[in-house]
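Listed below are the residues making up each chain.
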Amino acid sequence: MKILVCMKQVPDMESKFKLSPGALWYDTADLAWRMNEYDEYAVEQAVRLKEQVGTADITILSIGPDRIKETMKKALAMGCDRGVQVADDVAWAKDPLAIAGIIAEYARSKDFSCIFTGMQSQDRGSGQVGVLLAEMLGFPSVTTIVDFTHENGEYLVKRELEGGVKAIVKVKGPAVFTCQLGLNSPRYPTLPNIMKAKKKELLTIPVEQLQKTAPQQETTRIFFPEKKGGGLILEGDIPALADQLIKILKEKTSVLA
Amino acid sequence: MKMLLVAEYRDGKLLANINELLGFAAEMSADIAVFLVGTNDLLPKFQGQLYLADVGKHLEYNPDSHKALLLQVVEKELPDFIVFSHSSYGWDLAPRLAFALGVSQISEVVAVAEGCFVIPACNAKLRRQVKSLSLRTVLTLQVGAFSAIDNPDTLPTVLPIDTDEVPHAHFQGYEAAAQGGVDLTKAGIIVSAGRGIGKPENVAIISALAKALGGEYGASRPVVDAQWVEHNRQVGTTGQSVAPKLYVACGISGAIQHLAGMKKSEFVVAVNTDRDAPISEIADVLVVADLKQFIPALTEKIRSL
Amino acid sequence: MNFELTEEQNLIRDMVREFAETEVAPTAKIRDEEERFDRALMFDRLAELGLTGIVFPEEYGGAGADYISYAIAVEELSRVCASTGVTLSAHLSLCANPIYLFGNEEQKQQFLAPLARGEKLGAFGLTEPSAGTDAGGTRTTAVKDGKGYILNGTKIFITNAGDAETYVVFARTDKQAQKHHGISAFIVEKNTQGFSFGKKEQKMGIRSSPTMELVFDNCRIPASQLLGEEGQGFKVAMKTLDGGRIGIASQALGIAQGALEAAVNYAKERKQFDTPIAKFQGIQFQLADMATQIEASRLLVYSAAYKASHGISYSQASAMAKLMASETAMRVTTQAVQVLGGYGYTREFPVERMMRDAKITEIYEGTSEVQRMVIGSALTK
Numbered sequence: 001m002k003i004l005v006c007m008k009q010v011p012d013m014e015s016k017f018k019l020s021p022g023a024l025w026y027d028t029a030d031l032a033w034r035m036n037e038y039d040e041y042a043v044e045q046a047v048r049l050k051e052q053v054g055t056a057d058i059t060i061l062s063i064g065p066d067r068i069k070e071t072m073k074k075a076l077a078m079g080c081d082r083g084v085q086v087a088d089d090v091a092w093a094k095d096p097l098a099i100a101g102i103i104a105e106y107a108r109s110k111d112f113s114c115i116f117t118g119m120q121s122q123d124r125g126s127g128q129v130g131v132l133l134a135e136m137l138g139f140p141s142v143t144t145i146v147d148f149t150h151e152n153g154e155y156l157v158k159r160e161l162e163g164g165v166k167a168i169v170k171v172k173g174p175a176v177f178t179c180q181l182g183l184n185s186p187r188y189p190t191l192p193n194i195m196k197a198k199k200k201e202l203l204t205i206p207v208e209q210l211q212k213t214a215p216q217q218e219t220t221r222i223f224f225p226e227k228k229g230g231g232l233i234l235e236g237d238i239p240a241l242a243d244q245l246i247k248i249l250k251e252k253t254s255v256l257a
Numbered sequence: 001m002k003m004l005l006v007a008e009y010r011d012g013k014l015l016a017n018i019n020e021l022l023g024f025a026a027e028m029s030a031d032i033a034v035f036l037v038g039t040n041d042l043l044p045k046f047q048g049q050l051y052l053a054d055v056g057k058h059l060e061y062n063p064d065s066h067k068a069l070l071l072q073v074v075e076k077e078l079p080d081f082i083v084f085s086h087s088s089y090g091w092d093l094a095p096r097l098a099f100a101l102g103v104s105q106i107s108e109v110v111a112v113a114e115g116c117f118v119i120p121a122c123n124a125k126l127r128r129q130v131k132s133l134s135l136r137t138v139l140t141l142q143v144g145a146f147s148a149i150d151n152p153d154t155l156p157t158v159l160p161i162d163t164d165e166v167p168h169a170h171f172q173g174y175e176a177a178a179q180g181g182v183d184l185t186k187a188g189i190i191v192s193a194g195r196g197i198g199k200p201e202n203v204a205i206i207s208a209l210a211k212a213l214g215g216e217y218g219a220s221r222p223v224v225d226a227q228w229v230e231h232n233r234q235v236g237t238t239g240q241s242v243a244p245k246l247y248v249a250c251g252i253s254g255a256i257q258h259l260a261g262m263k264k265s266e267f268v269v270a271v272n273t274d275r276d277a278p279i280s281e282i283a284d285v286l287v288v289a290d291l292k293q294f295i296p297a298l299t300e301k302i303r304s305l
Numbered sequence: 001m002n003f004e005l006t007e008e009q010n011l012i013r014d015m016v017r018e019f020a021e022t023e024v025a026p027t028a029k030i031r032d033e034e035e036r037f038d039r040a041l042m043f044d045r046l047a048e049l050g051l052t053g054i055v056f057p058e059e060y061g062g063a064g065a066d067y068i069s070y071a072i073a074v075e076e077l078s079r080v081c082a083s084t085g086v087t088l089s090a091h092l093s094l095c096a097n098p099i100y101l102f103g104n105e106e107q108k109q110q111f112l113a114p115l116a117r118g119e120k121l122g123a124f125g126l127t128e129p130s131a132g133t134d135a136g137g138t139r140t141t142a143v144k145d146g147k148g149y150i151l152n153g154t155k156i157f158i159t160n161a162g163d164a165e166t167y168v169v170f171a172r173t174d175k176q177a178q179k180h181h182g183i184s185a186f187i188v189e190k191n192t193q194g195f196s197f198g199k200k201e202q203k204m205g206i207r208s209s210p211t212m213e214l215v216f217d218n219c220r221i222p223a224s225q226l227l228g229e230e231g232q233g234f235k236v237a238m239k240t241l242d243g244g245r246i247g248i249a250s251q252a253l254g255i256a257q258g259a260l261e262a263a264v265n266y267a268k269e270r271k272q273f274d275t276p277i278a279k280f281q282g283i284q285f286q287l288a289d290m291a292t293q294i295e296a297s298r299l300l301v302y303s304a305a306y307k308a309s310h311g312i313s314y315s316q317a318s319a320m321a322k323l324m325a326s327e328t329a330m331r332v333t334t335q336a337v338q339v340l341g342g343y344g345y346t347r348e349f350p351v352e353r354m355m356r357d358a359k360i361t362e363i364y365e366g367t368s369e370v371q372r373m374v375i376g377s378a379l380t381k
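From first to last, the protein sequence lines stand for chains A, B and C. In terms of the working numbering, the first sequence is residues 1 to 257. In terms of the working numbering, the second sequence is residues 1 to 305. In terms of the working numbering, the third sequence is residues 1 to 381.
There's no promise every hint is true.
[Said to hold, decoys possible] Think about it this way: if two alpha-carbon atoms lie no more than 27 Å apart in a straight line, the pair counts; the simulated DSSO-like pairs of lysine-lysine are:
#1 B/K131 x A/K172
#2 A/K170 x B/K245
#3 A/K250 x B/K264
#4 B/K67 x A/K170
#5 B/K264 x A/K18
#6 B/K45 x A/K252
#7 B/K13 x A/K18
#8 A/K18 x B/K245
#9 B/K125 x A/K18
[Stated by the list, open to error] Stretch by stretch, here's where chain A covers chain B in the computed footprint (C-beta under 8 Å, at least three residues):
#10 33-42
#11 142-155
These are computed hints drawn from the structure, not numbers from a lab. Ideal placement from N, C-alpha and C gives every residue a C-beta, glycine not left out.
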């Protein structure tokens, strides 16, 4: 069984972001880089699937500059068997369609029976790549899974819906799944496995070889949202206060929607 | 400008998020048509054409046939925008449609500016302005970003649609939300009790509001130390660090230990009799009132919404 | 010269940090208060992550990583819990390492491998009531008797004692020999007849790490558990402590780093006169000094670890690293308490624990004075 996991390296979200000159993306200098949180669940689920079926080969694929190799090594240390870096210094500027197109170009005719991605990246957050990839490959896909079981090439998964309700979906492979937080507990890459990951294959493919899809959108500007002003102070009659607050909550938050 | 809005039906209910899509369309002064896989007796309230497919046949989750149905309608209506809510239904279906149409999708739109769409980036720390380069554009709108409109007395003209697309994914039904152990770090809404609640019996006031809002209740250190609330509900340096969409601090003065645990909340409401309490510095709204009167009144009104 | 960590070292830091923050940190305060060693967390989990034998070859159950990786692991654990840091340091540097350096093949298979795999916890028994820094003052005796030795005496202040299964213990085998001659090292297992534990120390800091006396009362040890040659014990002890200093220096470094971060976070939040105190130059200067001293310590620690990994003599380097890092830890934690003011003095914030924990790093495995002696005598010989 061949399994593909698509992973993105993102900045630590606790970072203090600065805008890049030209303000089309954040400045990538002085950031600590991590595996996209959602993708950790994707890697873990792939490794669990391999453990379940006994023999499987997991490819971890990531698109970006040289620095993504370190995060790919983490995936290898968690149990992926080989890595494919699509070398691309301007991956940050590519839209979901272009990214999915690159992955599809690589994955087509590689005979993957199961593909895992995070449900979205923490930095761009479009949540499209997994589904687009599946559509391009002609595979079924299920998004936002929080539970995964496999039996004889059939997958029974649970999608997370609003309010903690889950939808149970059955699908036959080959298929693409986009992973939600809480799907499993991603393992730590143990120290011996970190050392062993050094010896695993990590192939680099120039993006030019795989880039066939034209983008359909472009970033015109990136900026910081307006800061909160001073807090509003409400005083007066209790029932009127309650009405005022409800009105504010409806306008400013999504909690009463 | 023409928009096709996608309404959602789930588990016997028409979801209210269609009203936000209607609000968005109104804000953009767009002509609209609405798409729904649902039932005849639960219709969104607006004036215009509703393309309705039978949920009995096409199920609530069946992206292949929902996509095929949408494609039919797009072909007929030729909308400039196909608009979904950025919900579990929307983010699953929208990219499938966008790909089938060969057009772009812009996810989780929070605003419109300069002919572009504004979306969050990096856990909402940044905003990105995106321009579509395609003839049509698929949008998903962030829940709560646009004001809902409600037209109580209007009903659409219904046009039934159907397809015989064979699905790849088979919807098996729902699993209800789990009950039991509380994890505040995952709560979207937290109502917290501070020393100002006065006595243990008043925890019930706080938990009732949390329940009415569909959230969890928490507490500050002194309340937990007094054993009025169990420790796994404590917010602060020695408890949980939380970042909900809404944090309601009731009778919490805002000691730095507490602030450290909740300052990442998106929207903070403080209820306190002391308008100079430190919590007011980070609160978006400070309600100066006695919580023992105010919170029950608020809970009652929220329940009746 | 290259000051960048390797990809593996970075991954190890990320892994240990994540583990430390999610699993070790949440109970650091309560374990300190209860003076409780939680073996499942502070040792068994480390074994699962492959940390208990970091520097040893795979054939002895280790991970085959270098000393910098080891230093990073102890640093990251100590950043949230100095007791967990010293548990690993004493186990690896003081017990497993002398067996690796001086043990024969059978001893390595029998004793080192289970230690490296983390199936057994290790400890080191050198200090006595009349012999601490001065190992030559050892009074515990080992008398040859047929095919073995009979040990008598008491060891004090032994980290991991009671819970550990394997002990490297020093005893005098030749009463006639002067000072540091005539001392030998032995591997002693828990539950050996005649080997028991004395009182548990009540300490100022690292309270979640157990410290006890070892009592030998006609304890018979087979000759196969003599570590190295008879009379070579002083050399074993000194070599062991050279390595141990890297562990303690890393522990001190981690404590200091944890305290700096706590101080910086607090200073950004705490407002006085309507301004975060971090904006005041007086606070900024203090934080700057703390950070600079920590970075200087880190370079010394990693450079000593680099030497240890590359077969370069490192006694002096590890003494410098330990001296600098431990004194930095004491100074930085004290300043961190000062930055937090009244809050810093309460047990609700971790800096008072860090300040108590830091003090021991200036004392054990050679006091600061001894480190200066080591450095000074190397300079003037």
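For each hint, the structure was consulted:
1. B/K131 x A/K172: Cα-Cα ~37 Å, so violated.
2. A/K170 x B/K245: violated, 33 Å
3. A/K250 x B/K264: holds, 20 Å
4. B/K67 x A/K170: Between B/K67 and A/K170 the Cα gap is close to 18 Å, so the pair holds against 27 Å.
5. B/K264 x A/K18: holds, 19 Å
6. B/K45 x A/K252: holds, 24 Å
7. B/K13 x A/K18: Given pair B/K13, A/K18 is violated - Cα atoms ~44 Å apart, limit 27 Å.
8. A/K18 x B/K245: With a Cα-Cα distance of about 24 Å, the restraint between A/K18 and B/K245 holds, given a limit of 27 Å.
9. B/K125 x A/K18: holds, 10 Å
10. 33-42: Our answer is that it is violated, as 0 residues pass the Cβ test (under 8 Å) against chain A, missing three.
11. 142-155: Per the Cβ count (6), the hint holds.
The structure does not agree with the numbered hints 1, 2, 7, 10 stated previously, though it agrees with the rest.
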